[in-house]
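The two chains are supplied separately, each in an independent frame; assemble them into the complex guided by the hints.
As you go down the protein sequences, you meet chains A and B in turn. In my numbering, each residue carries its 1-based index in the first sequence increased by 290. In my numbering, each residue carries its 1-based index in the second sequence increased by 45.
I should point out that these hints are in silico values taken from the structure, not numbers from a laboratory. Some hints here could point you the wrong way.
Claimed, not checked - Below, computed lysine-lysine pairings styled on DSSO-like, alpha-carbon distance capped at 30 Å:
1. B:Lys-173 to A:Lys-316
2. B:Lys-135 to A:Lys-316
3. A:Lys-453 to B:Lys-61
4. B:Lys-150 to B:Lys-135
5. B:Lys-173 to A:Lys-345
6. A:Lys-369 to B:Lys-65
7. B:Lys-135 to A:Lys-445
8. A:Lys-320 to B:Lys-115
9. B:Lys-150 to A:Lys-411
10. A:Lys-398 to B:Lys-135
11. A:Lys-379 to A:Lys-292
No experiment lies behind these values; they were computed from the predicted model shown.
What follows is the residue order along each chain.
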Amino acid sequence: MKYIFIVIVLLIIWFIFMYNGLVRKKNYIKEAWSSIDVQLKRKTNVLTNLVDTIKMQTKYESETLEKIVGMRAQMLSGKKDEAMDANDKVSKMIPSIMAISESYPELKSNQSYLHLMEDIKNVEDKIAYARTRYNMTVVDYNTAIQSFPTSIFAKMLGYTDEKAYEISDVEREYSDNLRISEL
Amino acid sequence: MSEEQRPVIIYEQVRKNQIKTFILIAFYIIIIFMISFAIGYYADDMVLGAGIAFFVVFILLPIQMLTGNKMIGAKTHWQEANMSNPGENKVHHLVEGLSLAAGLKETPKLYIIPTSTPNAFAGGLSLKNAYICVTTGLIDILDEPEMEGVLAHEMSHIIQRDVLVSTVSIYLMSAAIVLGSILFRMSRYNMMFGGGTRSRSNSREKGNSAAAFAAIALAGLILSFVIRFVARLINLAISRKREYVADANAVRLCGYSEGIADALEKISKYTPEYSKQQVADLGGDEMLCLYIFNPTQWVMPLFSTHPPIEERIKLLRNMY
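With the rest of the complex left out, here is chain B (with noise of 0.2 Å):
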């Protein structure tokens, strides 16, 4: 935990951020086309290797990015706020100020979900269309100073870029293990088998080496289900560690620590456990763990992508 209590400077921490984000993304292609060539280099087929790169990184990958977002707001039903509705006029100037103290050159836009549960959250991939999302509940039970502090919450979200480095990273960590797992039983069945799929021109050999790939999509299909569940853990880890960081730059945004504690105690007193109804209204089970409370409790702490509301609101309490 030293990391969040280490005064950073946002505007710096943007930058660094940018280096960071782009050495992990690229780290993951370059462990994919690796990965990939050398599958390639095994089915004996190098042009196969190069396009399961290409298929992964270059296809699914932009497919996955694009439509994340029209998916949350069909899922939501949220709306562009409405500056003539006093409440949101309020949060978005809000908005406009955090943006001011981050530094951020383009304001991030808001939406607002119809739905009396009050919680929120922000997306967007890049730091040009950046969101923030909340739900008109969040906007009648708090106050300025406290609505200040979670919008602070999910303006370091923004910053810190979360949004981006999950998808992306959960993806291709996924697509990297998957591919892996497929390389591996490949290795593995070249050295029972002698290694015949390397020497060439035989056809009863080219034959078996056909079903011997089928026998790998196969087993790296029900092996991709345990390596979402891997990768969810580290997900997991990620976004709890993540949660703690924001907080701790909620305060520095608003140099206010009693502004978000207070929001957090107010949001999981209000709705300390949801219904389905709410669920659904909030965009469904995976949309959770996008908000600033989850109140989604796991028998083990390992599985819950937030740290316990009281946790962070002690800890809050404690930082000034």
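For reference, chain A alone in the conformation it holds in the complex (with noise of 0.2 Å):
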């Protein structure tokens, strides 16, 4: 009877610690997300503001700088697919913007417009290393849940796997190339 009361204690103390520590990384997987979703923010102003400056400048207007704008509501969304899907398409359509600057050479010394592009790195920078601490609080998280005998009550307890957004490739040589350019 005794020995059934300890056993008993045991695993309730092992549940807690479970279920506080299952608390805890989902936590750090929203932490690491709200600081995603900051730099976005900052992302999408910089953006308005490039795409303001090189209308102003160039009086150039395109279907690429004209998505640009459209993709800020869905970058500022919260929902985590879709903001995560916008921002990897804008990402790949800033080469063609500093392309413009190779026709008009005006731009190429106009003070804000180089500023704009410097933030333009930062921002993209700084939204990798989010990324990074997001994915490894995902990967900490899925790994707890799905390991014995956590998963057994994970499930039960409503915490399913998380998505992580892995950096593809492509991405990755492109923001190097977007470092070294001096720009």
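Structure follows, in structure tokens:
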């Protein structure tokens, strides 16, 4: 009788630790996401200013510019899939914006344009860092809820796998190029 | 070396380190209190015992902690990073990014030491007032991925709370050993003289205990030099291990091991040995153990704060 009691107490203690661990890990993910979100907001601000500057300086109109402005709402939606998807699409359009300055030399001597390009590079780096951290927290959490015996209870308690947003090789290459290129 | 190969999540590590640090420091403080009270007991004066403990923990320790930072600043002539300098600005952006990746709520401050010797170190007793310090020479010779690696290494030291742990534990450890040896002497003295000091109200014996106390104090003073030496050896062992862990965490933070490996190679090739002037510019001999690269070569590996640089580079290159 005494031993059964001890076993039950130990199980309860284990359960408390396991449960708190899950809560904590899930909160890390939340926090990590909010730091991505902050950077996405910065990115939309910088992009809006950049598009305005280009339009003002060159009277250049293009689908790309409109598309970038159109992506704003999605990037700020707060829905992870939607926001990350929009972010990736926008990132892929940035090289073509940079190409605009090739045909408009006045842009290259425009201080605010140069500043904004610097900001873009900066914010892209920050998103990559925030994403690294997000992915780390997701991997940690997923490992926890998939390992036995936590896996039995995790499902019951409504803890399901989270998705990591891996940085694809193409993007990494692109952002490395962005780093190296002299802006 | 199992610890550095285990995948640890930086954030989780911050928490675990907080707990570990707290336990370690609490452990030292409890020991100091126990020894001090024991000394008080033998000296037949419990107030003295309590006084010693309070003095060591609440007066000497805070002084030690508060003055450390200022001393480093005065020795190295550092300046806060100047954002209009493109090189320093770049480093600042990297620090911001890495603290995002590490999940630090506040970005560590960035200081620049005006010397051409490439090196870097991290400091600060809490996450809030943490700082990273790089030399202008380092900014000059490293490219971006390399600089990122070095900064990630320093960021790992901050996360591991290495500075706090080493400052406080070295101090408390030495204090505990000094007090412990005083106690040891006292108890032996007591045994030899048949516990004379415990039996009270005899004026001759009171004088006796005062003389004994003076002798003990002298012995303690001599012993403390020996103890400092031992404490230093322990510190070296701890710091060597922490260097490896910081290297491994740096790789995890930037997801890329070549950066830090290349940086270490560049730094060690650039200045394989330091001249007296270079050591002075970096803040003197006792500062060197804080830096990412410490060229001081000791005959015995037991005495070096850092593992051999070739060993670190080799480990890093094998990591991914």
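A quick look at each hint next to the structure:
{"no.": "1", "hint": "B:Lys-173 to A:Lys-316", "verdict": "holds (24 Å)"}
{"no.": "2", "hint": "B:Lys-135 to A:Lys-316", "verdict": "violated (33 Å)"}
{"no.": "3", "hint": "A:Lys-453 to B:Lys-61", "verdict": "holds (25 Å)"}
{"no.": "4", "hint": "B:Lys-150 to B:Lys-135", "verdict": "holds (20 Å)"}
{"no.": "5", "hint": "B:Lys-173 to A:Lys-345", "verdict": "violated (43 Å)"}
{"no.": "6", "hint": "A:Lys-369 to B:Lys-65", "verdict": "violated (37 Å)"}
{"no.": "7", "hint": "B:Lys-135 to A:Lys-445", "verdict": "violated (45 Å)"}
{"no.": "8", "hint": "A:Lys-320 to B:Lys-115", "verdict": "violated (38 Å)"}
{"no.": "9", "hint": "B:Lys-150 to A:Lys-411", "verdict": "holds (22 Å)"}
{"no.": "10", "hint": "A:Lys-398 to B:Lys-135", "verdict": "holds (21 Å)"}
{"no.": "11", "hint": "A:Lys-379 to A:Lys-292", "verdict": "violated (63 Å)"}
Figure legend: structure checked against the earlier numbered hints; hints not met, in rising order: 2, 5, 6, 7, 8 and 11.
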